[in-house]
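A.B. asks: Residue numbers (our numbering), protein chains in the order written: chain V, 104 to 516; chain Z, 341 to 776.
Just to be clear, a hint being listed does not mean it is correct.
Claimed, not checked - Below, simulated DSSO-like cross-link-like pairs (lysine-lysine); rule was C-alpha separation at most 30 Å, straight line: (1) V:K297 with Z:K392; (2) Z:K392 with Z:K730; (3) Z:K501 with V:K371; (4) V:K318 with Z:K573; (5) Z:K730 with Z:K433; (6) Z:K433 with V:K357; (7) V:K318 with V:K297; (8) Z:K433 with V:K318; (9) V:K344 with V:K357; (10) Z:K433 with V:K289; (11) Z:K573 with Z:K730; (12) V:K318 with V:K289; (13) Z:K392 with Z:K433; (14) Z:K573 with V:K297; (15) V:K318 with Z:K730; (16) Z:K411 with Z:K573; (17) Z:K411 with Z:K618; (18) Z:K730 with V:K371; (19) Z:K501 with Z:K573; (20) V:K357 with V:K371; (21) V:K371 with V:K344; (22) V:K109 with V:K119.
Stated by the list, open to error - Coverage of chain Z stretches by chain V, computed from C-beta distances (three or more under 8 Å per stretch; other residues unrestricted): (23) 661-669; (24) 682-692; (25) 719-730; (26) 746-759.
Because the hints were derived from the structure by calculation, they are not lab data. Keep in mind that this is a model prediction, so the values were computed, not measured. All residues carry an ideal CB built from backbone N, CA and C; glycine is no exception.
Each chain, written out:
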Amino acid sequence: MSLHVKPILVALRRHKAGTLLIALQIALTLAIVCNALFIIHQRLSSMAEVSGVDEANVFVIRNQWAVIDRTTQQVDAQVRADLLALRQLPGVQDASAATGYPLQGGGWDNYVMMTPDQVEPTTDSAVYVGDEHFIGTLGLRLVAGRNFRPDEVGVMGTQEAVAPPVTVVSKALADRLFPGGDALGKNIYAMSAKPSTIIGIVDPLHRQGTSSWNKAYAGQSLIWPARPDDARGVFYIVRAKPGQLADAMREAPKALYAQSRMRIIDAKDGIQDYAEVRRRAYDSDRGTAILMGIICTALLAITAAGIVGLTSFWVGQRRRQIGIRRALGATRHDILGYFLTENFLIGVAGALVGVVLAVAMNLWMITHAEMERMPTVYVLAGVIVLLLLGQGATFAPALRASRVPPVEATRPV
Amino acid sequence: MFAYYLQLGMRSLRRNPALTTLMVMAIGFGVAASMITYSVFRAVSGNPIPDKSGQLFTPQVDAWGPQQNLKGEPAEALGYVDAMALMRTLHAKRQTLLYMVQMSVMPDGERDLPLNANGYAVGGDFFPMFEVPFQYGAAWSRQDDQSRAAVVVISAELNQKLFGGADSVGRSVDFGGHDYRIVGVTRPWNPRPRFFDLFSTQGFEEPSDFYMPFNRALDLQMRTGGRNSCRGKLDFTTWDGWLQSNCVWVTPWVELDSAADVASYRRFLESYAADQQKAGRFDWAPNVRLRNVTEWLDYEHVVPPESRMSLLVSLGFFLICLINTVGLLLAKFLRRSGEIGVRRALGATRREIYTQYLIEAAAVGLAGGLVGLLLTAAGVSGVGLLFPPKIAQLAELDFSLVGLTLLVAVVATLLAAFYPAWRAARVQPAWQLKSN
């Protein structure tokens, strides 16, 4: 190959514009494709995050109370009656009242401290308030300790946020606070002067939030044992018996309205199964991934087509020269190799510039679009993809060039 | 002459259908991707109140201190204590506090189920400050604010649901078990981004259903339906405990007409914070901000990062499509060197050749623009797949976007054609005639 390089470079000097255009196109395509691939990968991995919930069988009802000024006792009586009615439905395995649910899209979170008088927080945790049925209803996996006992479940009125004496935490939170793995039985202070003792650990339990802000505290959640009796409203989490999700989702609101009609369950999105919860939580991630996918595909296709076009033009222009070379003894293989090597050289030059552009683009996105640093492997993958694409696109015109008969050399000038 | 060149151009374009299609599609895709993402970006980055965005300010006071504030910045809203203190005296032409409230309209007549209603607790100044348009009636007065009146302004949409769109001013409506007298009905109004509440919203929400007096909402001990952000230890269990806590949930707005007024209000904020320090409530130096609408939109990062990112990537995509077009036009034009040679030998000037090829390129650009327009229309209607519904519904194919799509396609293609056309015009007739 080294024998070929010099004449190719000399020839390219006579086609500066075309060479420059292909190289530039390869450089920009490389920059965009590897950034887009990185974005796609990031979005897909965030969409694949585990919630810890038995998603096939669980659904959520957003229940808003109509009368705003009821006492906590009144609300509690209603919540108890509602839960009883839900649990008695034939298709329902269990039900719980809660302040939020994993992948909700945003919700309650508290700072967590290790001592009562610590000011700067140790970390942040999503806060779920639910009764002794919460863990079972969501289908969370208890990996250490125990669930709440009914006598530990208190009542939490409107906008009360007093930490109860016991709590169940996610393994991610336990490990963050107690890296030694000995979280069980320890005390934590979740924006409270009074301690909460960790009595159980579940793994995993996703936060309510899915936005980029939550990534620093991924999977860090805690559960407080109480019935949320907020006068504004409550979430009912219901777990259907296997295979009976649709039935349970149809019957649940009827059962609730039979208890009282002074409530609002939005007809459009008041009841959501977990497929829907997940779809909503990640709709912007999914959209971005699709857009980047479309752009990547179109871009690679257009760049390939552009290379085919320009190379074909060059082949047409050089028919005589090819004929002369063939007449002087060059094999078809030599001609094919010539064009492929030529494209390879342009490709490498373009890729070098492209790598710089790719990194620059990534840096811009870090400051302006909440992106993370792109691992080198994406740049390498981009370089390989584009060099292969260039070779692939050159192959057909180069093959045509190799078929130019030596007799072309004798055509009149 | 123009028609003749166009005819030549069309003939030439027909001669290489594959190459022509490739160029047209590249421009079409490039311009469509840019326009679709631009239509979203335009919507999310727009100024929701252009004629007053420099006069409306949201004051911030740091009540959390350097150890707990937002990396040196004060909280994005106020707690009850600071909010009330700032509003106690009228230091601005107009001023209001606001927070999001959620209520239900109780069953009435044929409707046997309560109806969800989202709104805001605001001061009477809210309406003139933010130029809320009224269909019937008007805003409530400052007296109504003071007397904590049970009045309400409802939206056109809610008025349609409850009263079939009739003039309902003076009628009564039961919100969550309490009666309110309707004093006004707004026209459909939903500024996006919702600059006045970026604390509880991301800026893009369904329109509000009602507005009620701030003081009335406090009397009813209505908790916020939006965000509530606190620091330290949350040991309150009562309404008053919550009010006195450091939790922030109230957004204040003031209207200041002149630079002098702004400076004066800033001094007022500083001196308020200094007084709090002297009184021992804050043990840190005054840390206040006074941002106008534009600055606030910017500070709150209203433009979603996805939108910025998509726009950048799409523009890059378009640029590549154009570079591609430069290459293909170059190949296409120079392939006709022989023809150019003949024309030049027969007396055509370089300028004429140049014009001819630019017109041919413009035809490609126009065709690309039309393809782009179709793709943009398809993309804008399918943008719900790419952006969350609240953002996607903002993208629309209006007259200006149609015009822009065609214009960008033609201008960009012409720019791309300058160099290839110049090369074509420089073809040496003698060489071409000889080689043929």
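A.B. asks: So if I understand the rule, the pair passes when the alpha-carbon distance is 30 Å or less; does K109 (chain V) with K119 (chain V) pass?
C.D. replies: holds (16 Å)
A.B. asks: So if I understand the rule, the pair passes when the alpha-carbon distance is 30 Å or less; does K318 (chain V) with K289 (chain V) pass?
C.D. replies: holds (25 Å)
A.B. asks: Hinted pair, alpha-carbon criterion (30 Å max): K411 (chain Z), K618 (chain Z). Please report holds or violated.
C.D. replies: holds (24 Å)
A.B. asks: Holds or violated: are the alpha carbons of K433 (chain Z) and K357 (chain V) at most 30 Å from each other?
C.D. replies: violated (52 Å)
A.B. asks: Is the hinted pair K730 (chain Z) and K433 (chain Z) satisfied, with a Cα-Cα distance of at most 30 Å?
C.D. replies: Cα-Cα ~34 Å, so violated.
A.B. asks: Are at least 3 residues of the segment 682-692 of chain Z within less than 8 Å of chain V when you compare beta carbons?
C.D. replies: violated (count 0)
A.B. asks: Please verify whether K357 (chain V) and K371 (chain V) have alpha carbons no more than 30 Å apart.
C.D. replies: holds (16 Å)
A.B. asks: So is the segment 661-669 of chain Z in contact with chain V by the C-beta rule, three or more residues under 8 Å, or is the coverage claim wrong?
C.D. replies: With 6 residues close enough to chain V, the hint holds.
A.B. asks: Would you check the hint for K371 (chain V) and K344 (chain V), treating anything up to 30 Å between C-alpha atoms as holding?
C.D. replies: Given that 30 Å is the threshold and the Cα spacing comes to 24 Å, the pair holds.
A.B. asks: Measure nothing beyond the straight line between the CA atoms of K392 (chain Z) and K433 (chain Z); if it is 30 Å or shorter, mark the hint as holding.
C.D. replies: Cα-Cα ~13 Å, so holds.
A.B. asks: Hint check: K573 (chain Z) vs K297 (chain V), CA-CA at most 30 Å. Holds or violated?
C.D. replies: holds (9 Å)
A.B. asks: For K501 (chain Z) and K573 (chain Z), compute the direct alpha-carbon distance and say whether it is at most 30 Å.
C.D. replies: violated (44 Å)
In this structure, the earlier hints numbered 1, 5, 6, 8, 10, 11, 19, 24 and 26 are contradicted, and the remaining ones agree with it.
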